[in-house]
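Chemist: Sequence:
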Amino acid sequence: MNIAHLLEGLNGKQREAVAAPQSNLLVLAGAGSGKTRVLVHRIAYLIQGLNVSPYAVMAVTFTNKAASEMRGRVEQLMGGQLRGMWLGTFHGLAHRLLRFHHQDAGLPENFQILDSDDQLRLIKRVMRSLNLDDKKWPPRQAMGYINAKKDEGLRPKHIDPQDPVERLWHQIYEAYQSACNLAGLVDFAELLLRALELLRDNQHLRDHYQARFHHVLVDEFQDTNAIQYAWLRLLAGPQSHVMIVGDDDQSIYGWRGARVDNIHRFLDDFAPAVTIRLEQNYRSTGTILKAANGLIAHNAERLGKDLWTDGKSGEPVSVYAGFNEIDEARFVVSRIQAWVDDGGRWSDAAILYRNNAQSRVLEDALLRESIKYRIYGGLRFFERQEIKDALAYLRLMASRDDDAAFERVVNTPARGIGDRTIGIVRQQAREQGTTLWRACRQLLDAKVLSGRAGNAVSGFMTLVDNLDEQGCDEVLSRQVDIAIKESGLFAMYQAEKGEKGQARVENLEELVSATQDFEPPEGSEEMSELNAFLAHAALESGDTQADEFEDAVQMMTMHTAKGLEFPLVFVVGVEEGMFPSMQSVTDPDRLEEERRLCYVGMTRAMKKLYLCYAESRRLYGRDEYHTPSRFLREIPQECLEEVRVRTQVTRPITQYQKSSDQFNETGLNLGQRVRHSKFGDGIIINYEGTGPQSRVQVAFDEAGPKWLVVAYARLDVL
DNA sequence: CCAATCGACGTTTTT
DNA sequence: CGTCGATTGG
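Numbering (the UniProt record's numbering), first residue to last: 1 to 718.
With a straight-line Cα cutoff of 25 Å, these simulated PhoX-like cross-link-like pairs (lysine-lysine) come out: (1) Lys312 <-> Lys13; (2) Lys500 <-> Lys372; (3) Lys497 <-> Lys485; (4) Lys135 <-> Lys149; (5) Lys157 <-> Lys124; (6) Lys65 <-> Lys388; (7) Lys388 <-> Lys124; (8) Lys500 <-> Lys485; (9) Lys124 <-> Lys135; (10) Lys136 <-> Lys124; (11) Lys607 <-> Lys312; (12) Lys500 <-> Lys388; (13) Lys136 <-> Lys149; (14) Lys678 <-> Lys706; (15) Lys124 <-> Lys149; (16) Lys497 <-> Lys388; (17) Lys305 <-> Lys13; (18) Lys485 <-> Lys388; (19) Lys607 <-> Lys305; (20) Lys607 <-> Lys372.
Okay, the calculated beta carbon distance ranges per label pair: (21) Leu564 <-> Ala4: 23 to 33 Å; (22) Gln516 <-> Ala297: 45 to 55 Å; (23) Lys447 <-> Leu130: 25 to 35 Å; (24) Gly344 <-> Asn51: 38 to 48 Å; (25) Gly343 <-> Leu154: 48 to 58 Å; (26) Arg140 <-> Asp306: 39 to 49 Å; (27) Lys500 <-> Gly377: 13 to 23 Å; (28) Lys135 <-> Gly343: 54 to 64 Å; (29) Asn411 <-> Asp104: 31 to 41 Å; (30) Arg200 <-> Asn466: 37 to 47 Å; (31) Val709 <-> Arg420: 57 to 67 Å; (32) Asp445 <-> Arg265: 50 to 60 Å; (33) Thr36 <-> Gly344: 23 to 33 Å; (34) Val709 <-> Gly680: 14 to 24 Å.
Calculated from the structure, these hints are not laboratory results. In this text, a Cβ means the ideal position worked out from N, Cα and C, and glycines have one as well.
Build out the structure end to end from the sequences listed, making use of the hints.
Modeler: Written as structure tokens, this is what we have:
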């Protein structure tokens, strides 16, 4: 393996980036321009070409998926020589720092991580203890406030509340943080903030890491927020070289605190920095790129970049105007069907939408044709109720002071510790400034809790102690098995009736097997296997579901689709008010972000792209009439082709839904073409009601969509 | 302790 | 129109 080999198969710009001199580097990498390839090859180049020690390299990503893909590809390229290299997500690496230096960070050795669900529960509890009405003060908003402040690097003491309302949020922030500190709990934003403070306040640590990491590489840099940026600045020392890879045109997380202008700031703060643009696209046809370029050119705030390809220009981008969302869905399905009839695979096709609610109609349409599909997003493995219950027991085994875990399972399964008893415990904890577990102990010792309640509480404590004692000599999976069995969780879910209970039991069983396969990551040697697993569960909540490799149509939001590619892509709901979304049309910055989102959606397509919209859409129980999205007008019109073909009649609806006999006898069905004496020809796109009152919605070729009462309107079947 | 019912609400999501 | 959450009654 030599340098030449590492540079083979890269284009000029990619090579320039991979073999760039050791300076700070900004790689502006357009969609499909091979940015991961560049990152991976750069790492290999540093280590194998320039003999940089892997210990001196840190590579940061946003998602676990990106991190593991990168790790896999680097290992493949270099044959697994990356021991000692730090490669992970911002949160994962921050966690690692905090574990190593928990003392300097002011954390107990066995501190636990709160996911957003845990965090919200804890905030609710804190608010209740402050006697706040959650109607008037939504806990979610409190969470938003707290996380936003942490993401800006602000502690309660740094904040001067400007008005009574903010004073309240501020007070909640303070109380919540004390509760976390007391119980040894760290939320996601806290991981980053603590790690930042750790480096900021400990010169010897800062010096150590700055001297260690000669090379810092950051993926998806446009998504960094204020604290992540500050973190990088602290970590990169005077001799460090920082390479950031990103695309300002694909910045779609501004609403979550991401700051595109970190790219601009980088050029100042890390000057002198070299900028390299990767503009050759290997993914899409020329026409798709031209359309996407034309759209994104409407954004004012850009670093400027134009994707090109030396491939074929391909088919035009097709625009379909559905009469309503049902028609839109049916069109999409019919085109996917045609793709497969032509020899394509179901999984070649992706349907992308702006919000999750849009998936429903599409699912219906796919279901009708018995087409398999996979929806991305939703509850993930470690977020499921039964799994979180089990994890709470494990967390208590690891840390008795974990109040969040305590609250979750103290009475799950029911063991006679009701609201009253827990109330007494909470009060004691508050008065003594201690954790719930310790408060229980105090109350039992003082015999304040006695009788039935006292027995129940001491029974619970003995249970947890026993789990810990029994488990400590066992392997992890055995510990988990003991915990779910002896706590009664398993039996509780077994007793639950229906498929739901069945599925939960299966999930618990899967948790045991997941722990069998669990391998503590590099850098967690100091931790117990249990703690390492708990961190893994919190930081990496697992995939949505298992059927990943099935040949199925892929459905997801455009946010979720970032980084993926598909031969055949449908972007649906391209209407004013949907996309751009209603709430973004008034704000120029948000509108630009929507446009970037559209750009991201379009550039997922390799061969064929469809943009669809519906003239009418049932939204919140009303029929809304939207105009086509402005984005459609912004795309160079020569790239577009309007589809006029009406969707095909599918199988009769009666096979799937109950509908009146009357309706069927008329021969009217969705998709049926009909003739009306006054309005002319049209297609049935919707129906409602039964019997004599049943109505159908017909989209007339000339007169547009109309609702007609079947009994009165004389409709001839064509 | 569970179920039925009422009411509020209604982007995007990772860690 | 749905969903989710909370409340209330059995």
